[in-house]
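In order, the protein sequence lines correspond to chains A and B. Its first residue numbered 62, the first sequence is counted upward by one per residue in this note's numbering. Its first residue numbered 60, the second sequence is counted upward by one per residue in this note's numbering.
No lab work stands behind these hints, which were simulated from the structure alone. Ideal Cβ placement from N, Cα and C applies to all residues, glycine included. One or more of the hints may lead you astray.
[To be verified] Restraint-style ranges between C-beta atoms, simulated for each label pair:
id	chain 1	residue 1	chain 2	residue 2	range
1	A	D356	B	S223	36 to 46 Å
2	B	N376	A	L115	36 to 46 Å
3	A	D238	B	E348	30 to 40 Å
4	A	D174	B	I333	18 to 28 Å
[What the hints assert, rightly or not] Over 10 Å on every C-beta distance to chain B, these chain A residues come out as not near it, computed from the model:
id	residue
5	D94
6	P118
7	K120
8	R126
9	D155
10	T261
11	L320
12	T334
13	L370
14	I371
15	L389
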Amino acid sequence: MRTIQQEKRVSLDGKRGIPIDSVWQHKHILDLDDFTPAEIELVMQTTDAMHEILSRPIKKVPALRGKSLVTLFYEPSTRTRSSFDLAAKNLSADVINLAASTSSVLKGECLVDTLETLEALGTDIIIMRHPHSGSPYVAARHVKAHIINAGDGWHAHPTQALLDLYTIRQHKSKFKDLKVTIIGDIKHSRVARSNIWGLTKMGARVKLCCPFTLLPMGLDKSHGNFPDIEVEPNIDRALKGADVAMALRLQLERQQSGLLPSLREYTKMYQLTEEKLAHAKDDVIVLHPGPVNEDIEISSSVVHGPRSLINQQVKNGVAVRMALLYLLSGGTH
Amino acid sequence: MTNSILINNGRIIDPSQKMDSIGSLLIVNGRIAWVGDNNDKLPASDYGILDAKGLIICPGFIDMHCHLRQPGFEEKETISSGSRAAAKGGFTTICCMPNTNPPLDSQGMIDYIKVTATNEGATRVLPIGCISRARAGKELVEMGELAEAGVIGFSDDGEPVKSSRLMRQAMEYSLAFGLPIIEHCEDTLLSENGQMNEGIIATKLGLCGIPNAAEENIVSRDIALAELTGARLHVAHVSTRGSVELLRRAKEKDLNITAEVTPHHLTLTEDRVINYDTNAKVNPPLRTEKDVETLIAALKEGVIDIIVTDHAPHTDNDKLCEFALAPFGMSVFETAISSLLKLVHQKQIDIKLLISKLTAEPAKIIGNNFGKLGTLTVGETADITILNPDIEWVVDVNRFVSKGKNNPLNGEKFKGKVMATIHNGKFTYRDDSIKPRAKV
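So that you can see chain B by itself, here it is in the shape it has in the complex (with noise of 0.2 Å):
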């Protein structure tokens, strides 16, 4: 077999060309060397087939937000497990949050996650640098050097920016070299001592709440600011129907704003805590039905531009606690798309808009600094997922490639999950079904 394959025969949907039709993609070279309908027209002669009968055939998902824990935390994960685990879900491009250890605030740190990304890692491995110096929220990073050392914008995530100050001057500063500021966006006066959302769910189990004004009141604050300032921000994992009402209303200023949301915020509600399961124990937390009902809706209307992951993985001990001793975060990055595929399946969005956010819009926010991603169009990279939408299967963590298990979906059965990933024409994760054969 040659450095060519043929994906034969399935539905291909790039909503960065509009395009959602049957059809068939030659990958040669690790690049996307045509598509199309009718394989008479192949400029190729000699490839290998898999047969995507059946299959959806989209751009490689982006991830913009998610911890792969190294350096500092790599019982919890490193960049080569987390990458593949995130190659399983169907990723070719992620975006690693610095809260390491050290954080990632320095050009030193910044080649150190390139280059073990590139030794080690499954997909593409673009890192967020800090907003402050080890995200003590003091002083600002060398923003320009981490710029110059690749870095897709800015964020103290885990922790908001609590200092006003220092936010309008991250803002500012930040404007010259045209990358975001991406906020975790959390009063954490308001939100102190706080294991879940606030509401009669937290009263009944006696855990202290964390209420929805915690984080508009900061998406209002950075809103405010980048009004002041111009400056891009990018709001990361809303979750309350509040931050979309104001969202709503900056877009309408049209201010250079954007914003994400997790599978486990459009889809969970605070009742999965219930129990005290640690592993619903997540920052900011499940909400309720009317907010997750928003959040849908948010994104259907473009409020909300992109999904991210926020895989959080941590150990079985970590999880394995008393409730308030437990870390936030969920190792979401083998059940991110089987739980989006529910919503699709509950009719409650399109496949195409489902693509288009974990493709198309990413890429359009990461800019085109690393190559032109998120996209189907020939000669471009071949970063590919392939979906089959209908498969069921059960959730099983001890079958997770990501060292984290914590994942409060154990058990549960999902239709729909991805077949195969390729990344710069190379399967990076293949389904046992999925065998590519040689032509005849």
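One chain only, chain A, in its complex shape (with noise of 0.2 Å):
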């Protein structure tokens, strides 16, 4: 017979939570593509408990005592990185942080040498963010820990999706038919990607802007194989009605490789300012994932002004992170 307390629970102030068992079902966190919405609510609840601990005097609790965990990062980061750090060591995680810089990856170890070697080493979870799409996909196949993307190439960045949808969640009262709007680099962001399944998952509508040369290939048809999204590339028309706005990252070597004109034309045309943001809802509110090239992509003066939560989205990023990490260890604390 199952007994309360037997069953696990998100129940870190000690109330009665929902049932993990019956919802959770990740050994991995790959992407958001095979998130049930119930699961993805159910780290939106973990969060919440989450947060409750971060604004205790002593923000530790031993959820993962004596496990460890490795942070692989084969591309720099800050934000991303600090912010698995210090989620981990909140819940009394070990951590190590690996950099690809420092590492025997230098020496051309392939990444299936480093993941068994980590195994060996007896590493729990790894975080791994790489440059190629899939990478984790490889790792998860190829070693036991539990594997936590954190950015791969072009495809996904399921963590970054979860605390945008969090985010959201903290300012509008339901996903359902909310109204998004990315705009930006669609065809090279991991971001963009993870956001549009966690998104449409919740029942939101999204809207892509960009030039042609920026939006992915094969998105004007209904398929099985990916969620269906309006595309519009005149920014006014894509954020009429907008309740959120998300702006992405121009990598400045766009422009070189010849998909852009000139960054002179795109900050014209894309760069999300006021003036454009005055077509969207009088409530809207302005995300970018970061870091943030100003006056490129999005003007100062949103990026500063009261729309823009975008230091919101930094702080929910290490609750959503201890979130994911309790949820995956089992959340047996």
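Join these two chains into a complex; the hints should help.
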């Protein structure tokens, strides 16, 4: 017979939470394409609980005590990495930070060998950022540790999308039919892809806005393999009636590779400004995954203005990642 | 037992003679001595017997496009391992691409392949020479000398000839030898960084796509150059419906153009790449259902002349990595015929057509410089493949003879496989169930 005490629940505050076992199905967090809406909702609610911990004077609980966690980053990162580092430490995990630039990767060690080494060291959770799409899938197939994708190539950045969803949820009453406009370099954006999955699964309506050279192929038709989304190259029309505007970072080398005639024209046509935001709903909120190129993809005044939740996103990042680590490790404390 | 063997009572299909009947075939001293349906008329009395009831007897398969990796990449494959894998797949003649290290761009290298194949090969191995020296796309190889050394054509396969001018020169110069220019059609500016077919799956996976236009651009250019020069052009591994359309129009003009398609482009689609299966990474990439349908139709229509394997073995380590870092290619000698027989079982193509595309048709392109290939004509070399079209089996790459285990069909169930392969009258492959017996 099952008792409440034996059930795994999100109940850090001692109150009765939602049961994890019946909802949470993930050994790894690779992308949101295989998340159910109930799982996403569980992440949101667990994040609420983590926020409570973060508001305490001593922000530390023993949930991951005795677990070792490695952040394995093949690309530079400030916020994602430090956010995971903090999240893991708040849950009392032992954290090793590995950067490709200071590890055997520089000596030519291949990904699988590095992963095997981490496994031999008894690592429980590997948080991985990699410039090539799909690399965390190689890891998940190859080692026993839990893998969390902290960004792979153009493919996915599920923890970023979850923190974006959480930030939206703090300000909007429901996801259903929420109008979200994503503006910028969609083609090369893992943030956009994961947000498209997460938002559409929760019932939001996603519109993409960018020059067609920065749009990935195949979105014009309905497919079983990808959510149906709308594309609108004109930013004023794309923002019309929007509840959420999300600007993406423009990698400056996109202009050099010929995808844009000039940064000047891009800025003129696609920069998220107060003026363009006027087409959106009055209570529109503005998100950006960072790091921001101020006055390129988004104007300084919007970044620092009242609608911007950019710092809020960073803050939520820690709580969301605590929630994910907690759920992955079984939520037993 | 003597040097004679009777393959008894099978379904003999030989498209070169428009033959499809139940009968028997006698091999004496490495040659086909007799074919008929009445064993009373046998011209010999002392022979072993291989019972072929329920089996198909056809000319040994010819593969005009494979990679044997020797010299230079012997960890992936050798002439010995590759030709034995080919024999297991029913092939008796294979043509190896010159992208070895060093590449096959000189008479000495062609001789090396021929000598090694004679000593160690389980099939006839016919080399293809480079178009450009060191495959660098700058200057032509000494085509005359290579032709004399015994190449069946010229190709920089793996890469296209990027310079249109060099391609024109290659076509003009090759005319004197009557050998085809075999082109890997890829506009490398359009396919740059490409990992798989461009489309929604690439979008979902965040992988850089290779558009159909990358192939079609060069197919189109080469057709124009073939028309300009009158040269023989053979288009390698056609993968898009647009290429089929271009080829159809070129053939209507009676240009000297032939084309090939691989079993994987006839049977698999880009969906195989989901989950980042590096074994499904191949160039040209697996395309869409629509392309596959068009390729099958083109095969039937004759717009595509032959089927080739493009067998491209790699080591496990080569493929056990990030998708973008994995090399292109599949090791398919040992699954090619079975995946093609699936099309026969699905009634998409006829078995006679299939066999013709693996025997009589490639023989026409190669010509008679190396004997009469792809036929069961009495008096010719006994190169024979024996198939069981109905036997069920499951692919296990660990049982491959090829060193390359990189095949996305691992674990898949198939109906139909090669039971025995005979080259020059000798078994080069024999399934455990096939045991010739002495005549009683």
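These are the hints, each one checked on the structure:
Look at D356(A) against S223(B): about 44 Å separates their beta carbons, and that is inside 36 to 46 Å. For the hinted restraint 36 to 46 Å between N376(B) and L115(A), the CB-CB distance of approximately 44 Å keeps it satisfied. Range check, D238(A) to E348(B): Cβ separation about 34 Å, and the 30 to 40 Å hint holds. Remark: the range hint 18 to 28 Å for D174(A) to I333(B) is upheld by a beta-carbon distance near 26 Å.
Against the 10 Å criterion, D94(A) falls within the reach of chain B, whose nearest CB is about 7 Å from its own CB. With a least beta-carbon separation of about 42 Å from chain B, P118(A) lies farther than 10 Å from that chain, consistent with its non-interface assignment. For K120(A), the condition that its CB be more than 10 Å from all CB atoms of chain B holds, with the nearest at approximately 34 Å. Residue placement check: R126(A) keeps its beta carbon more than 10 Å from all beta carbons of chain B (closest about 34 Å).
For D155(A), the shortest C-beta to C-beta distance to chain B comes to about 28 Å, beyond the 10 Å cut-off, and the non-interface label holds. For T261(A), the shortest C-beta to C-beta distance to chain B comes to about 13 Å, beyond the 10 Å cut-off, and the non-interface label holds. With a closest Cβ-Cβ approach of about 12 Å to chain B, L320(A) is found to remain outside the 10 Å limit, as its non-interface label requires. For T334(A), the non-interface assignment is confirmed: its Cβ lies about 29 Å from the closest Cβ of chain B, beyond the 10 Å cut-off.
Interface exclusion of L370(A) from chain B stands, the closest Cβ pair being 26 Å apart, more than 10 Å. Distance check on I371(A): its Cβ is at least 24 Å (rounded) from any Cβ of chain B, clearing the 10 Å threshold; non-interface status holds. For L389(A), the non-interface assignment is confirmed: its Cβ lies about 21 Å from the closest Cβ of chain B, beyond the 10 Å cut-off.
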